[in-house]
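Asks: Line by line, the protein sequences give chains G and U.
FYI, the UniProt record's numbering numbers position 77 of the first sequence as 77, with every residue one higher than the one before it.
FYI, the UniProt record's numbering numbers position 255 of the second sequence as 255, with every residue one higher than the one before it.
Derived from the structure by calculation, the hints contain no laboratory data.
Each hint should be verified, as a subset may be incorrect.
Derived CB-CB ranges, DEER-like [unchecked claim]:
(1) 5(G) x 473(U): 51 to 59 Å
(2) 158(G) x 471(U): 43 to 51 Å
(3) 29(G) x 43(U): 38 to 46 Å
(4) 179(U) x 91(G): 34 to 42 Å
(5) 179(U) x 78(G): 26 to 34 Å
With a cut-off of at most 30 Å between alpha-carbon atoms, the simulated DSBU-like pairs for lysine-lysine come out as follows [said to hold, decoys possible]:
(6) 43(U) x 169(G)
(7) 43(U) x 152(G)
(8) 701(U) x 150(G)
Since the structure is predicted, the reported quantities are computational estimates derived from the model, not experimental observations.
Ideal Cβ positions, reconstructed from N, Cα and C, are used throughout, including at glycine.
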Amino acid sequence: MSSKDTLYQTFVEKAELVSAFVTNIDSEEAAVDYVINLCDKKEACQLLASGCEADLSEKAETLCDAKQTKVIAAPGLKSDLYETLAAKSKKSGFDCIDSGMRKHLAGIDIGFTIAEYGIADTGTMMVDCPSEELRLATMVSEYHVCVVPKSKIRANTYGVEKMMLTRMKKTPNYLAFITGASRTADIERVLALGVHGPLELHILILEDQ
Amino acid sequence: MQKADNLKEYRKELQESLDNEFLRTTLDNFAVAYKAGRANAFKGMDVRSLIDDIACSKDAAGENFEALYKEFKENAEAAGIHVHFAKTGDEANQIIAQIAKDSDCKKIVKSKSMTAEETLLNHDLEDAGLEVTETDLGEWIIQLRHEGPSHMVMPAIHLSRYQVGDLFTEVTGSKQDAEIEKLVKVARRELRQKYVEADMGITGANFAVAETGGIGLVTNEGNARLVSTLPRVHVALMGIDKLLPNLHDALRILKALPRNATGQQITSYVTWITGANECLSAEDGKKEIHYVILDNGRSELLKDSLFSQVNRCVRCGACANVCPVYRLVGGHKMGHIYIGAIGLILTYFFHGKDKAKNLVQNCINCEACKDVCAGGIDLPRLIKEIHARIQDEDGHPLPSVLLSKVLRNRKLFHTLLRTAKWGQKPVAEKDGFIRHLPMIFSKEHSFRALPTIAEKPFRDWWKDNRPEVKKPKLRVALFSGCVQDFVYPEQMQAAVELFAANNVSMEYPMEQSCCGLPVQMMGEMEASRDVAKQNLRAFEPDAYDYIITLCASCAAHLKHNYPKLVMDRPALKYRADAFADKIIDYSSFVNDVLKVKKVDFNESKEKATYHAPCHLCRGLEVHDAPRQLIEKGGMEYVECAEEEVCCGFGGTFSMKFPELSAELLNKKLTNVEETGATTLLTDCPGCIMQLRGGLKTRGSKIKVRHVSEVLADNSKKK
Ligand code: SF4
Ligand code: SF4
Chain G
1 MSSKDTLYQT FVEKAELVSA FVTNIDSEEA AVDYVINLCD KKEACQLLAS
51 GCEADLSEKA ETLCDAKQTK VIAAPGLKSD LYETLAAKSK KSGFDCIDSG
101 MRKHLAGIDI GFTIAEYGIA DTGTMMVDCP SEELRLATMV SEYHVCVVPK
151 SKIRANTYGV EKMMLTRMKK TPNYLAFITG ASRTADIERV LALGVHGPLE
201 LHILILEDQ
Chain U
1 MQKADNLKEY RKELQESLDN EFLRTTLDNF AVAYKAGRAN AFKGMDVRSL
51 IDDIACSKDA AGENFEALYK EFKENAEAAG IHVHFAKTGD EANQIIAQIA
101 KDSDCKKIVK SKSMTAEETL LNHDLEDAGL EVTETDLGEW IIQLRHEGPS
151 HMVMPAIHLS RYQVGDLFTE VTGSKQDAEI EKLVKVARRE LRQKYVEADM
201 GITGANFAVA ETGGIGLVTN EGNARLVSTL PRVHVALMGI DKLLPNLHDA
251 LRILKALPRN ATGQQITSYV TWITGANECL SAEDGKKEIH YVILDNGRSE
301 LLKDSLFSQV NRCVRCGACA NVCPVYRLVG GHKMGHIYIG AIGLILTYFF
351 HGKDKAKNLV QNCINCEACK DVCAGGIDLP RLIKEIHARI QDEDGHPLPS
401 VLLSKVLRNR KLFHTLLRTA KWGQKPVAEK DGFIRHLPMI FSKEHSFRAL
451 PTIAEKPFRD WWKDNRPEVK KPKLRVALFS GCVQDFVYPE QMQAAVELFA
501 ANNVSMEYPM EQSCCGLPVQ MMGEMEASRD VAKQNLRAFE PDAYDYIITL
551 CASCAAHLKH NYPKLVMDRP ALKYRADAFA DKIIDYSSFV NDVLKVKKVD
601 FNESKEKATY HAPCHLCRGL EVHDAPRQLI EKGGMEYVEC AEEEVCCGFG
651 GTFSMKFPEL SAELLNKKLT NVEETGATTL LTDCPGCIMQ LRGGLKTRGS
701 KIKVRHVSEV LADNSKKK
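Just chain G, same shape as in the assembly:
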């Protein structure tokens, strides 16, 4: 097996260990279809395991009620890809946005982003997000769908160190390692997903052209 394949396999194995959903795709359009499909299957504003029926304080309820249709946020995409996504969203009856995330803090259904690198030994996505819109898309979404080109998978964090430094030196910068969904074990050490951030992380590995 080539070293590239080993890296890829380790990456998938480690990402799945932290309950990320990993899928291979062979084009960017396939990523768009994946997102539309996922959004379609998903219930609107579905706080898994505890739906909207859970009683909340008044203020929290109001924030939740602010959201009516399903929303896909994809800030920071190349314009042609964004247009494809927007068109397909419209056809399926979803809102598609690339800005104005602050109006959607109650939550959006899907945040769609592209990672700079994958880190094999921990199954981590390195997402550079100095833009606030992009950052929020990865934080307030219920599902985060993130694409990484296969050729951008590196062995470990030392393998992305130089790239990180280059970016960090172009301040301001906000860079994140994202590994699996948001999680907590604060109550009785029982693992629960999606405490503040996404409940699910979907990784799409893009075959190199």
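Given the structure of chain G, go ahead and fit chain U with the ligands onto it with the hints provided.
Replies: Frame of chain G; chain U with the ligands shown alone:
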């Protein structure tokens, strides 16, 4: 938080924890799961060298912190960040309150920060009229309950889902069930609106990287990202211990931190913030960011040649995860704000002597924390040193003064022991136990029977029975320690028998005395040093190939602490190094040096299990030798659960905290009984005293013996 005024009150508080069934079960389950999880997370990695590298780089960063701070500040300011330095916790809190005032902030969301706990930031902010909400789930829960964290990484580990359910019912004003998944979602939605309303976000920092002027945040929940993104002002509060020269050093720590903390390979989110970021709710579209760098005694610590290593702490909480005492009583009783082993130390430096004086005594010296620490900090040694310092400042309690007086004078000590033999006559039974506890022991000590002093101490037996070895292949000296000399001489005799049969010639220097560990445990450093000197003079290290001791605690103390104790006396230090080099424990000597074989022993086929003394497995890193010897010695070895966990003896610890000692022993013996073995073997007379005494009280038939005894029994060479 630690409130007790004296040891008696503190013991009462400890008892409350012992009676808390839920806490005990949670911590027990956690301790077992943690060990497996950690081992798995580090699988295939060279953990030792990773820890060494971290220690090295943190030490260098500590030495260099002034230059690092300067570089960090310059780079951060160039990227539009305001950097403040706070000498004390109060100063840090004032700075932050002022920032809030100047930028007209009313509502604050916080992401978990131990440093903010240290400075009691919330109190001061609330006093200044600000609304502060913790967003880390565990922190939010304890904030709502007006408590402090009970673990560094899992602050609400002491609470049950039912307690959280009730709490959330109160908070939301509508009934919540105790289903964890649902409770987490309630928090998600309740806290989301707090982020929306907040105008200031406060975080800590795990790394402050000088070369970029940026910080790194390690979280699982993702709250630190929201806290540092949504509000228009961001304040990060961090100690100078977070300063690192470069990103590489941070990435290296990141390899160890989550693995050591929770057994995760990495946390869900690691966020790197460099420069004043975009903020769409700010007027100029830029976030106002402030870094508050806190000293609060850290720079003083860095100047101390012994305590500077505290700077290596990365706040992973592992030292609490493995601590048998923490496991019994939890963080509210084993720490003030910082908890566990590091908590005992930091409490003294950050929160003062009064808060620390009881806590530092609650360490059994099992070294589990030292073994696991991500920074390789010698935590038990520092804890003992603080205990000693506090006694030097406050005056020494009578029992430790007496004990040190006695131990400093070998003849007096030995005379007392010989007299005790006569004194115990009326209460001694034939089976080697004392029938009624003497008056000085109260009821709490009755969890284990105490042994009687032997008829004839080893040193007297030696005079008459010293074997002559004609053609010795090795020359060794024996160090008996006081327990084997005066209580269990048969263990030494068994060793002598086997050594002679294997052509080992032996010396037993008569001037030797107690190793001195008991007084060191009581914080009597001077006495410990004096006793060490006595023993160093009694032995002529160059004259022997090895110096053997059958007591794991003595062995570890002689080997590791003697050279440190006489560090300031070059001539003695030289001798102590030579002495320490020759020290070996019984099992390693017989298994690895003499290389005895299975054919040398008769098979008894008896089922035996093992208790690994703390000072053998961690103190000397001996793991395989005794287990191999059990098999070679003709017995069938059955592994016991948690074999390397402390039995609760800890010398004087079991006198001071009998309730804790009893619980540790209880757990140990239950595990032992579950193996179905008929014999329990170990390598330390102290452990034997504890285990035998406990089994006797339980009415168990299991025999407890030193490995040396069964080997001598089964040896074909006599
Ligand atoms: S030496 Fe043992 S008892 Fe003492 S703090 Fe460390 S782990 Fe706890
Ligand atoms: S002292 Fe060591 S084990 Fe304890 S929290 Fe600090 S780094 Fe972790």
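Asks: All hints, please: hold or fail.
Replies: Structure-based check of each hint:
no., hint, result
1, 5(G) x 473(U): 51 to 59 Å, "holds, 57 Å"
2, 158(G) x 471(U): 43 to 51 Å, "violated, 58 Å"
3, 29(G) x 43(U): 38 to 46 Å, "holds, 40 Å"
4, 179(U) x 91(G): 34 to 42 Å, "holds, 38 Å"
5, 179(U) x 78(G): 26 to 34 Å, "violated, 43 Å"
6, 43(U) x 169(G), "violated, 35 Å"
7, 43(U) x 152(G), "holds, 26 Å"
8, 701(U) x 150(G), "violated, 64 Å"
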